[in-house]
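Residue numbers (numbering that gives the first Met the number 0), protein chains in the order written: chain S, 0 to 267; chain P, 0 to 540.
Be aware that a few hints might be false.
FRET-style restraints, in silico, Cβ to Cβ [as the list claims (entries may be wrong)]:
(1) Met99(S) x Asn221(P): 40 to 46 Å
(2) Ala284(P) x Leu130(S): 42 to 48 Å
(3) Gly12(S) x Thr224(P): 40 to 46 Å
Among chain P residues calculated to face chain S with C-beta under 8 Å, some are [unchecked claim]:
(4) Asp241
(5) Ile243
(6) His364
(7) Glu367
(8) Ser406
DSS-like mimics (lysine-lysine), calculated; alpha carbons at most 25 Å apart, straight line [what the hints assert, rightly or not]:
(9) Lys31(S) x Lys377(P)
(10) Lys391(P) x Lys31(S)
(11) Lys484(P) x Lys333(P)
If you're looking for bench data, these hints aren't it; they were derived computationally from the structure.
Values in this document were obtained by computation on a predicted structure and should not be read as measured data.
From the three backbone atoms N, C-alpha and C, an ideal C-beta is built for every residue, glycine too.
Take a look at the letters that make up each chain.
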Amino acid sequence: MKVLRIISLGVLGLVFLASLLADVVAPAPYSKQYREAPNAPPSRQFPLGTDELGRDRFSRLLYGSRVSLLLAPAAALLSTLGAAVIGGTAGYWGKWWERMAVTLTDLFLSLPWLFLLLTVRALLPLNVSPLASVVVTFSLLGLLGWASSARVVRAGARSLRSSDFVLQARAGGCLKRRIFFVQILPNLKPVLSAQFWISVPAFILAEANLGLLGLGVAEPLPSWGNLLRELENYSAVRSNPWLLAPLFLLVAVVSCFQILLSGEESFQ
Amino acid sequence: MKRSIQLLVFCSGLVGSILLAQSGNELRFCIRSEPKTFNPVLVDDESSETIRYLTGGVLIRVNRLTQELESELALSWKVADGGRKITFKLREGILFSDGTPFAADDVAYTMQLLMDPKVNSPTADSFRSGSGVVKASMVGTHGVSIAFPAPIAGLERLFDQVAILSSRSPRKEMAVLGPFMVSEYKPGSQILLQRNPHYWKRDEKGKRLPYLDSVRLEIQQNRETELLRFERGQLHLINNLDAILFDRLATESPSAARDAGPSLESEQMWFNQVSSSPIPDYKKAWFRSMNFRRAISEAVNREDLCRMVYMGHATPAVGPIPPANRFWFNQVLKPHSYDVSGALRRLEKEEFRLQQGTLLDREGHSVEFSLITNSGNKSRERMATMVQQDLKQIGIRLNVVTLDFPSLIERISRNFNYEACLLGLVNADLDPSSQMNVWLSSASNHQWNPNQKAPETTWEAEIDRLMQAQASSVDPRKRKACFDKVQQIVWEEAPFIYLVTKNSLAAISPQLKNVTPVPLRPQTYWNVERLCFVENLAANR
Numbered sequence: 000m001k002v003l004r005i006i007s008l009g010v011l012g013l014v015f016l017a018s019l020l021a022d023v024v025a026p027a028p029y030s031k032q033y034r035e036a037p038n039a040p041p042s043r044q045f046p047l048g049t050d051e052l053g054r055d056r057f058s059r060l061l062y063g064s065r066v067s068l069l070l071a072p073a074a075a076l077l078s079t080l081g082a083a084v085i086g087g088t089a090g091y092w093g094k095w096w097e098r099m100a101v102t103l104t105d106l107f108l109s110l111p112w113l114f115l116l117l118t119v120r121a122l123l124p125l126n127v128s129p130l131a132s133v134v135v136t137f138s139l140l141g142l143l144g145w146a147s148s149a150r151v152v153r154a155g156a157r158s159l160r161s162s163d164f165v166l167q168a169r170a171g172g173c174l175k176r177r178i179f180f181v182q183i184l185p186n187l188k189p190v191l192s193a194q195f196w197i198s199v200p201a202f203i204l205a206e207a208n209l210g211l212l213g214l215g216v217a218e219p220l221p222s223w224g225n226l227l228r229e230l231e232n233y234s235a236v237r238s239n240p241w242l243l244a245p246l247f248l249l250v251a252v253v254s255c256f257q258i259l260l261s262g263e264e265s266f267q
Numbered sequence: 000m001k002r003s004i005q006l007l008v009f010c011s012g013l014v015g016s017i018l019l020a021q022s023g024n025e026l027r028f029c030i031r032s033e034p035k036t037f038n039p040v041l042v043d044d045e046s047s048e049t050i051r052y053l054t055g056g057v058l059i060r061v062n063r064l065t066q067e068l069e070s071e072l073a074l075s076w077k078v079a080d081g082g083r084k085i086t087f088k089l090r091e092g093i094l095f096s097d098g099t100p101f102a103a104d105d106v107a108y109t110m111q112l113l114m115d116p117k118v119n120s121p122t123a124d125s126f127r128s129g130s131g132v133v134k135a136s137m138v139g140t141h142g143v144s145i146a147f148p149a150p151i152a153g154l155e156r157l158f159d160q161v162a163i164l165s166s167r168s169p170r171k172e173m174a175v176l177g178p179f180m181v182s183e184y185k186p187g188s189q190i191l192l193q194r195n196p197h198y199w200k201r202d203e204k205g206k207r208l209p210y211l212d213s214v215r216l217e218i219q220q221n222r223e224t225e226l227l228r229f230e231r232g233q234l235h236l237i238n239n240l241d242a243i244l245f246d247r248l249a250t251e252s253p254s255a256a257r258d259a260g261p262s263l264e265s266e267q268m269w270f271n272q273v274s275s276s277p278i279p280d281y282k283k284a285w286f287r288s289m290n291f292r293r294a295i296s297e298a299v300n301r302e303d304l305c306r307m308v309y310m311g312h313a314t315p316a317v318g319p320i321p322p323a324n325r326f327w328f329n330q331v332l333k334p335h336s337y338d339v340s341g342a343l344r345r346l347e348k349e350e351f352r353l354q355q356g357t358l359l360d361r362e363g364h365s366v367e368f369s370l371i372t373n374s375g376n377k378s379r380e381r382m383a384t385m386v387q388q389d390l391k392q393i394g395i396r397l398n399v400v401t402l403d404f405p406s407l408i409e410r411i412s413r414n415f416n417y418e419a420c421l422l423g424l425v426n427a428d429l430d431p432s433s434q435m436n437v438w439l440s441s442a443s444n445h446q447w448n449p450n451q452k453a454p455e456t457t458w459e460a461e462i463d464r465l466m467q468a469q470a471s472s473v474d475p476r477k478r479k480a481c482f483d484k485v486q487q488i489v490w491e492e493a494p495f496i497y498l499v500t501k502n503s504l505a506a507i508s509p510q511l512k513n514v515t516p517v518p519l520r521p522q523t524y525w526n527v528e529r530l531c532f533v534e535n536l537a538a539n540r
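Model the full structure from these sequences, guided by the hints.
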């Protein structure tokens, strides 16, 4: 198991490093259309061939990984923070605040996410650069994705509320706010960390789903979502198996995250 | 256990074979959605239109191959009073599918029903020429005369859409004069049309048409599934195939893939010129400049769009009328040429300047705008991305935004909160009168600046005048001259930047004979009464 974790860490590190160094490693700019060579097979010039617009797939995969791997953790951090504030305070303070937080959480969980994202995306200003659009997409994912984590965090905070050390702090005359920041939050760290690592692959997949609907990251910026859209043409996949590269990478990264997460849980 | 499974497989194979044998002379293809109505007078969707075409009998039919008018239930016709009146001489001895005889009073009844304001028939809109009543009067038992309050351009062509109903049949609109009649309808699944035993047409050898026994229309939205079913032999036709799927089919079964050449469908982009729209004034000034629009048009490489997005199954578009519309297309016009330096020269005329790879207007604003299109349409998304790179060459930054269709419609037709849009246009009718709602400045579909109280530019005023002139004349040459001029103005002013004209692509089973795909709807089954299968060809001969 430990070996598997080390391998996973290595794979993730390699993918992160390659995507961070995309400017150096990528053989071509991600948006450059080599119109004389659309749908080209892998070659020395184009290691994973070109897409239907003649863009180098390998370069797009590197830049796409950068987008997905940098912004998915950012969105996960945003949603975990939301979960910590809402779930943590609800679990610790209880009473009317807890009831309100639970109602809000249930409401967010019952919302049809996809339609909500479509609506919010449609309401945004049109003249935003592709980079701004990708930040907006992931911010939306982060802002809307805190609810399920908040439930887990609330349960954790509730159990801490009646723990001996909290009771002792209260008996010692500590202020509620101080107890929350000094006693509760640090002890919620393992739960929050687990929720963060669960959210990362979830957001990567959510962006991929939006990309499949044509609503994720705007062209010409690549992301795993819009790279996966090529797989819709199954006959092309059959004759050009290298089209599966983004899928393999996505599966590998998500699996590595899961292995690391399960390792962390067992450690805890 | 293993034996039971084998037996089950054998039985299901046997049942399948029996079903296939039973449906040996049955044509199968898909419609995209549930038909809204079986009443031909109320048709306003594509699926209902398909059923009307297959079941309805009309007085005059536009031959989809020659694009000429042909007599059907009317032996002859005559337009009089400058397009205000049309008189038909009808065929005798014709019966509706339920055996009720066809006579002049059926035509009068159909016209009365069609024009009844309470019925609110979409087909009737083309016949509404002015205030007043449409009068249909019988001329003997087999003649009918229809008078309109004002002249109607291309009047006789409009009767291609009018399926005649029986005034006497107890089956009402289900009694038909076309080659097939609705026999079974399973909502959400399929519609079975059976051969009309009383259909009047016969082939050259006197054999009663249609050759097919039935047509089964399956309701299927997913085009991938449709193609898969076609490849398995479960369907015989696919109309209007997407270029990507067509290319796939052409690789896998070349004999089934049929490209009928340029269709009546084009893809175009336009700029928002609505004066009250919530976009900055300096951008409105760009979009209202003819030189700016023409520069954009000349900076787009249409040949590349055709080659890469449509795999060569498209041609650079010229204007509102594609070459497939033989009579109305203005032969003099050619697509705007791809000329980057020419585009920059045009922009210089409007005091734009290129500075470190960025185009700036006279006030120093960098030229950047967004182009919206509907999400999920891969061809449009690819086109937009290619236009994005083309415009980068002249220093313009284009932001491509894909929106779900309702949001897009909201922006282009209600709040006008957009800058440029890329969409397609289908010319369902050959006659330019059907495009009045696009070209008149007061029209709601005048996309770049709809619902104008008075034309805001001189060239729009000129288009209004020419469109009114062609619509009020019955002289085809005069109408053609007017509409040629409209096409010329649109070409010069580029309110719509026409990008590509798509080819009419179809999938046709090699088992099916007498199929001649054409660009006009319905592309593959326009001569449905003459379609037959190879195994039944000898019997039909």
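In this structure, is the beta-carbon distance linking Ala284(P) and Leu130(S) contained in 42 to 48 Å? 28 Å, violated
Cut-off 8 Å, beta-carbon criterion: hint that Ser406(P) touches chain S: The hint holds - Ser406(P) has a Cβ within 8 Å of chain S, the shortest such distance being about 4 Å.
Cβ distance range 40 to 46 Å for Gly12(S) and Thr224(P), holds or violated: Distance hint for Gly12(S), Thr224(P) holds at roughly 42 Å.
Is the interface hint satisfied for Glu367(P)? The criterion is a beta-carbon contact with chain S at less than 8 Å. Holds: closest Cβ of chain S sits about 7 Å from Glu367(P), inside 8 Å.
Going by Cβ atoms only, is His364(P) closer than 8 Å to chain S? 12 Å, violated
Sort out whether Lys31(S) lies within 25 Å of Lys391(P), counting only the CA atoms. Holds, because 11 Å separates the two Cα atoms, which is no more than 25 Å.
Is the interface hint satisfied for Asp241(P)? The criterion is a beta-carbon contact with chain S at less than 8 Å. At about 11 Å, which exceeds the 8 Å cut-off, the nearest Cβ of chain S leaves the hint on Asp241(P) violated.
Can you confirm whether the C-alpha distance between Lys31(S) and Lys377(P) stays at or below 25 Å? OK: Lys31(S) and Lys377(P) at ~19 Å, within 25 Å.
Take a quick look at whether Lys484(P) and Lys333(P) sit within 25 Å of each other, Cα to Cα. OK: Lys484(P) and Lys333(P) at ~14 Å, within 25 Å.
Kindly confirm whether 40 to 46 Å is satisfied by the beta carbon distance between Met99(S) and Asn221(P). Given a distance of about 44 Å, which is inside 40 to 46 Å, the answer is holds.
Given a cut of 8 Å on the nearest C-beta pair, is the interface hint for Ile243(P) held or broken against chain S? 6 Å, holds
Checked against the numbered hints above, the structure violates hints 2, 4, 6; every other hint is satisfied.
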